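Asks: Sequence:
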Amino acid sequence: MKQIFTAATVDEAKNKAAVEFGTEVEKITFTVLEEPKKGFFGKIKGEAKVEAEYEPETKVETVTEKTEAVEEKAEVQEEVKAEAEWSDTLQKKADCAKEYILNVIKAMGIEDTEIEVTKLENGALFEIKSEEFEKLIGKKGDILDSLQYLASLVCNRIDREYFRISTDCNGFRARRKTQLEELARKIANNVKRSGRSSALEPMNPYERRIIHAAVSEIEGVTSQSKGEEPWRKVIISSTTPRKYDNRGGYKKNGGRRRNNNRRSKGFDITTSFEKDYKKPKPEDTMKDSGLYSKIEF
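Those letters in the sequence shown? Residues 1 to 297, by UniProt numbering.
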């Protein structure tokens, strides 16, 4: 590839050639055809003219590179095939779960309900839209949780591959998540100041994970789950708990403040909720919860 370039100087002509060929000046062979001439009083007359010769480098594929390219193409084809097969299974299960949820909602006497299905990894999110959202959400999302659990049982009877169902209604999950995070931060900061552990009321695994995640972002406190389902709860504790002396008081700043009541052995994780109901029923799980405020829609 040869081409002639002109410019005010030889260097400028060479740079123009480099730009044109899309490479570096050092990789081009130049022949200077004309150079600018000096006239009277040092004035430059004429332009510089150079012939530039450049042959683009051609990449020679090695046997290894060709083999890798073939293997990569085969992998892509397998992924596309697997994606197509997974999508068929996903659609079949999603349709089954959607039909079941709509039938249950209709049996509840709720009309004009729409469900928007969003594909997730190994599952789907069912966003329920209805003007009667309060009936579908229930107290702290218990009806949504029930729909999610039952729909999961129904659609997973199709085959042995687990299909994860998530249900939501009018954005309730996001609002609930924000509420639980605020609760976790509030309790964690109280624990951090007092040095005393605090037990939250029983929660399902999804809500406990939200609490644990929020607490993990606060220094000086830690959290753990204790108890058996459905009464399993989160305990938030200080990483620097107060130290007690053998008289029942606690040490502070090197001194000791007396306490008229001796400290009980161990930490009592029983909440007021459990004290009021020795043998609670499942439907009363979250009754009269004082830790949560009502979500406004």
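FYI, nobody ran anything at the bench for these hints, they're computed from the structure.
Be a bit skeptical, because a hint or two may be false.
Unchecked claim - Quick list of in silico lysine-lysine cross-link-like pairs, DSS-like style, CA-CA up to 27 Å: (1) Lys27 <-> Lys98; (2) Lys135 <-> Lys119; (3) Lys106 <-> Lys119; (4) Lys98 <-> Lys119; (5) Lys92 <-> Lys177; (6) Lys139 <-> Lys192; (7) Lys192 <-> Lys129; (8) Lys226 <-> Lys139.
Every value quoted in this text rests on a predicted model; they were computed, and no experiment measured them.
Asks: Run the distance test for Lys106 versus Lys119: straight-line Cα separation, threshold 27 Å.
Replies: holds (24 Å)
Asks: For the pair we were handed, Lys139 and Lys192, check the Cα-Cα distance against 27 Å.
Replies: violated (30 Å)
Asks: CA of Lys192 to CA of Lys129, is that 27 Å or under?
Replies: violated (41 Å)
Asks: For the pair supplied as a hint, Lys226 and Lys139, confirm whether the alpha-carbon distance does not exceed 27 Å.
Replies: Since the Cα atoms of Lys226 and Lys139 sit roughly 23 Å apart, the hinted pair holds (cutoff 27 Å).
Asks: Could you grab the alpha-carbon distance between Lys27 and Lys98 and see if it respects the 27 Å cut-off?
Replies: The given pair, whose Cα atoms are some 65 Å apart, is violated under the 27 Å limit.
Asks: Check the hint pairing Lys92 with Lys177 against an upper bound of 27 Å on the C-alpha distance.
Replies: violated (30 Å)
Asks: Taking 27 Å as the top limit, are the C-alpha atoms of Lys98 and Lys119 close enough?
Replies: holds (13 Å)
Asks: Going straight from one Cα to the other, do Lys135 and Lys119 come out at no more than 27 Å?
Replies: holds (25 Å)
In summary, the structure is inconsistent with hints 1, 5, 6 and 7 from the numbered list given earlier, while agreeing with the others.
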